[in-house]
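Chemist: Whenever a hint applies, use it, and build me the whole structure from the sequences.
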Amino acid sequence: MIIDFGKLNGNNSVDTVINPRELFDVLPEKDDKYEEYLRDVQTEVLNKWFEDYRDKKDVIIKMNTGSGKTVVGLLMLKSCLNENKGPAVYVVPDPYLVKQVINEAMSLGIDVTEDTGDPSFLKGESILIINIFKLINGKSVFGTDNIKINIGSIIIDDAHACLDIAENQFSIKIPYDTVVYTELLNLFRESIKQQSEVGLIELEAGDPNANRIVPFWSWIDNKSDVIRILHSYKDSPDENLKSLMFGWPLIKNNIEHCYCVIGSDGLEISPKFLPIHNIPSFQNAHRRIFMSATISDDSILVSHFNIDHTKISQAITPNSSNDIGERMIIVPQELNPDISDDQLKTFYKEISQTQNLVIIVPSNYRAKYWEDVADMILNSKNLHAGVEKLKKEHVGLVVVINKYDGIDLPKSACTVLVIDGLPDVRRKIDKIEESALQGSELVLNNKIQKIEQGMGRGIRSKDDYCVVFLMGRSLVNHLYVNGAISKFTAATRKQMELSSQLSKQLRGKELEELKDVINYSLNRDKNWIKTSRGALVKVKYDPSVKFDERVIIEREAYNHALKKNYRESTKLLLNIVNEEENEILRGVTKQKLAEYLHFYDPIEAQQTLMSAVKDNSQVIHPIEGIQYDRLIPTDVSQAQELVNYINQKFRGPNKYILFVNKLIENLVFLPKTANAFEQAMMDLAFVLGFRGQRPEKQFRKGPDNLWSIGQSNYFVIECKNGAVTDYISKSDCNQLNGSINWFYEKYDEENSHVPIMVHRSNKFEYAASPNKDIKIINETNLEDIKTNLKSFAQGIAANSNDVNKVDELLKRYSFKELQFVDKYTSNYK
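1 is the number of the first residue of the sequence shown in full-length UniProt numbering; add one for each residue after it.
Hints in this document: simulated from the structure, not taken from any laboratory.
One should not assume that every hint holds.
To be verified - 25 Å max Cα-Cα, derived SDA-like pairs, lysine to any residue:
| # | residue 1 | residue 2 |
| --- | --- | --- |
| 1 | 823 | 668 |
| 2 | 85 | 310 |
| 3 | 311 | 563 |
| 4 | 509 | 346 |
| 5 | 431 | 611 |
| 6 | 563 | 228 |
| 7 | 614 | 683 |
| 8 | 234 | 183 |
| 9 | 349 | 506 |
| 10 | 431 | 187 |
| 11 | 139 | 98 |
| 12 | 85 | 18 |
| 13 | 48 | 83 |
| 14 | 223 | 564 |
| 15 | 56 | 152 |
| 16 | 272 | 568 |
| 17 | 538 | 43 |
| 18 | 403 | 443 |
| 19 | 134 | 240 |
| 20 | 234 | 277 |
| 21 | 504 | 326 |
| 22 | 30 | 82 |
| 23 | 56 | 21 |
| 24 | 411 | 520 |
| 25 | 223 | 427 |
| 26 | 431 | 256 |
What the hints assert, rightly or not - Pairwise CB distance ranges, derived in the manner of DEER restraints:
| # | residue 1 | residue 2 | range |
| --- | --- | --- | --- |
| 27 | 55 | 565 | 25 to 33 Å |
| 28 | 513 | 365 | 30 to 38 Å |
| 29 | 283 | 567 | 20 to 28 Å |
| 30 | 823 | 372 | 30 to 38 Å |
| 31 | 141 | 33 | 32 to 40 Å |
| 32 | 311 | 567 | 25 to 33 Å |
Quick reminder that beta carbons are idealized off the backbone N, C-alpha and C, glycines included.
Modeler: Structural data, given as structure tokens:
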């Protein structure tokens, strides 16, 4: 006789119990790895959710990496199904993680599926496991214009990684070699030219740095033509237009509330905020749970997923945040600024002979730097195969390109992790916004979040450990000059503090001595383990949610604009403008205000934009243009000007050295680095006691850089550090000649100037007609500047308040006024 045990004690069935903690106990087919109990942190989170949060529409859960979030999420969704709150969906960033979640569910004995058409999912009997791509795209099986599949309960796991992908899904990317690109460029050519004639020339010449945003009035006024062009090709079989096919349904009804950025390699169309209502199944889900390890700023959930922040008072967290794995965090170039990247490369290669050492780099270009020592370089195509290999065996030195989240490297897969440089933004609109925000706290927060995500790749449980190195002048500058360490979450800050205490004993030491230090972690020294774990014992999660009031108001203004309530939108943004003290942010907000004003008062919109440019020269310029502000010479000596600059900008001489090291790192002949190079050239002016300006960027006319070197003397500088030719082209020559004429227009005869071209070569092509006074900073000259600048900065750090000593150093390294021309420039051929 066969007995149906499911009919016995029915109130305790795996399909009826709704308390997730009890549900875990009754799961009959759990893997032995769970040893019949949940971790304390898992129990704490599940109890809080079940008792206080489960009936709320939106819930935020914060748990450290490796603390068992996946098990928690699966138990929550199974509880929802048992409570008839299905169908239930578990969303992760990529297909690789789908497999991981499915494996975890199988270990628990919870029914799951990948098939959106599976009857057991549709009936609320199993959990659907998908990646974010399947949920958010213009052809989504869940529906766009209407609901095709209802969602009762949904978990977004690794929320920040999913949000980044969602941004891309709502963006349309059109390559340059398509008819769509050509038609849109022709449509907006004149408005781009009005913003910057040089910018249009660079764009059409194929300059990789040439990304130009279409002015909002031109985009809005030409809406009908934009729709006509995009609609004509939305169903094209051309693989290059695949983004249009999947993105068009998501933004077609709100195209006027998008930005369009045109670059030499293609164009991007992106919404100001994600119109998430175009995925109605997600928008209308009864329960939405957002899980993440590193959400320190929750505003992105408002900007991207339009959650109602007023309904969320706290996040669900464990009682203690000591569930994080052990990390020894070392910043070699802060301990000793003389340590070079090449020295670190050799050092890491030696370590990788016995350890799996993973280096996360921001770009393909930076990956090339490591090619000569890398045992494996992983990109999006071979990432997961590479990760599996690391988990199985010793590989050595492995480079991972721009992947700061979504990969697990437990135990021996990664015992040493290196974060090399600051993460790059990828979308064109992000590059435009980052430029306009000019290193503001908003930019800093985004980069720190990425860095912290990356730092978590090597520890996947409380018992895991990893040595983490942070390198790169820009990254170190952000951490220690801009105060970014305070932006980390509590547990990471505590580990940084412990590492900082350790660093005091290492300051000024050579790299070789660091080997003994990291061996305390790698060889599992008992005293280090005790100290490391003890540092985290009293660290508590901060359950409070942090929403940036600016983001909340801007999202509300966008929501009003979707309903054509533009006056409400402008009223909201005007309040931010009136309260904002930071000029950079105020200028950016005024531009956003002008965008909504244009719908009902175009004249007022242009006047507002005129005011915005006065606050922040990097925003879009009004139709009438703006008046140039002359660069006024200092009325003190060069040495005194430098002393004043250091005292005003830096909190101590060491911060000055870190800043100079970052500047030197950006002074390179390298394609696609023009903006960073030109900014470094302007910073160099101030670092030497001069004054600097970027007229072309700030006023849309003039040279890349202008230096006032004292009295009535100036350097007019054009930067072509991205050029790869062995000669200076006629076009580049004409640009500098034009800047010389610009100087004569803006400055009277009492002012003199030296025109300078920064270029690999000092030879003009035959067709060029260079001005007779032009000087060249070539590769040799630039290396001389960087070498002497490093020694100069060290001398300044030791004598930063002694004007006479500073003056001596300026003379010693030939950085005095016109001395600079004789020492660091060459004649052209």
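Chemist: Next, verify each hint and record whether it holds.
Modeler: These are the hints, each one checked on the structure:
Between residue 823 and residue 668 the alpha-carbon distance is near 19 Å, which keeps this suggested pair within the 25 Å criterion. Between residue 85 and residue 310, the direct Cα distance comes to roughly 23 Å. Compliance with the 25 Å bound is thereby established for this hinted pair. Taking the CA atoms of residue 311 and residue 563, the gap is about 23 Å. The hint holds against a cut of 25 Å. Distance hint between residue 509 and residue 346 is fulfilled; the C-alpha atoms sit about 16 Å from each other, no more than 25 Å.
Note on residue 431 and residue 611: the hinted pairing holds, with a Cα-Cα distance of about 23 Å set against a maximum of 25 Å. At roughly 22 Å between alpha-carbon atoms, residue 563 and residue 228 fall within 25 Å of each other, so this suggested pair holds. Between the alpha carbons of residue 614 and residue 683 the distance comes to roughly 21 Å, so the proposed pair stays at or under 25 Å and holds. Between residue 234 and residue 183 the alpha-carbon distance is near 14 Å, which keeps this suggested pair within the 25 Å criterion.
The hinted pair formed by residue 349 and residue 506 meets the criterion: a straight-line CA distance of about 21 Å does not exceed 25 Å. Using a Cα cut-off of 25 Å, the hinted pair residue 431 and residue 187 holds, with the two alpha carbons roughly 23 Å apart. A C-alpha spacing of about 20 Å is found between residue 139 and residue 98, which places the hinted pair at or below 25 Å, so the restraint holds. Restraint check: the Cα-Cα separation between residue 85 and residue 18 comes to about 11 Å, which is no more than 25 Å; the hinted pair holds.
Among the hinted pairs, residue 48 with residue 83 is consistent with the structure: their alpha-carbon atoms are about 17 Å apart, no more than 25 Å. With a C-alpha separation of about 15 Å, the suggested pairing of residue 223 with residue 564 holds against the 25 Å cut-off. Proposed proximity of residue 56 and residue 152 is supported: the alpha carbons are some 12 Å apart, at most 25 Å. Pair hint residue 272 plus residue 568 holds up; C-alpha atoms about 17 Å apart against a cutoff of 25 Å.
Distance hint between residue 538 and residue 43 is fulfilled; the C-alpha atoms sit about 19 Å from each other, no more than 25 Å. About 19 Å separates the Cα atoms of residue 403 and residue 443, which keeps this hinted pair within 25 Å; it holds. A C-alpha spacing of about 20 Å is found between residue 134 and residue 240, which places the hinted pair at or below 25 Å, so the restraint holds. Between residue 234 and residue 277 the alpha-carbon distance is near 21 Å, which keeps this suggested pair within the 25 Å criterion.
Under the criterion of a C-alpha separation no larger than 25 Å, the hint pairing residue 504 with residue 326 is consistent with the structure, at around 20 Å. With a C-alpha separation of about 18 Å, the suggested pairing of residue 30 with residue 82 holds against the 25 Å cut-off. Distance hint between residue 56 and residue 21 is fulfilled; the C-alpha atoms sit about 19 Å from each other, no more than 25 Å. A hinted pair counts as satisfied when its Cα atoms are at most 25 Å apart, and residue 411 with residue 520 qualifies at roughly 16 Å.
Under the criterion of a C-alpha separation no larger than 25 Å, the hint pairing residue 223 with residue 427 is consistent with the structure, at around 22 Å. Between the alpha carbons of residue 431 and residue 256 the distance comes to roughly 21 Å, so the proposed pair stays at or under 25 Å and holds. For the hinted restraint 25 to 33 Å between residue 55 and residue 565, the CB-CB distance of approximately 32 Å keeps it satisfied. For residue 513 and residue 365, the hinted distance range of 30 to 38 Å is satisfied, since their beta carbons lie about 32 Å from each other.
Checked against the given bound of 20 to 28 Å, the beta carbons of residue 283 and residue 567, roughly 26 Å apart, stay inside it. Range check, residue 823 to residue 372: Cβ separation about 33 Å, and the 30 to 38 Å hint holds. Range check, residue 141 to residue 33: about 34 Å between beta-carbon atoms, so the 32 to 40 Å window is met. With their beta carbons about 27 Å apart, residue 311 and residue 567 fall inside the hinted range of 25 to 33 Å.
The structure agrees with every numbered hint stated previously.
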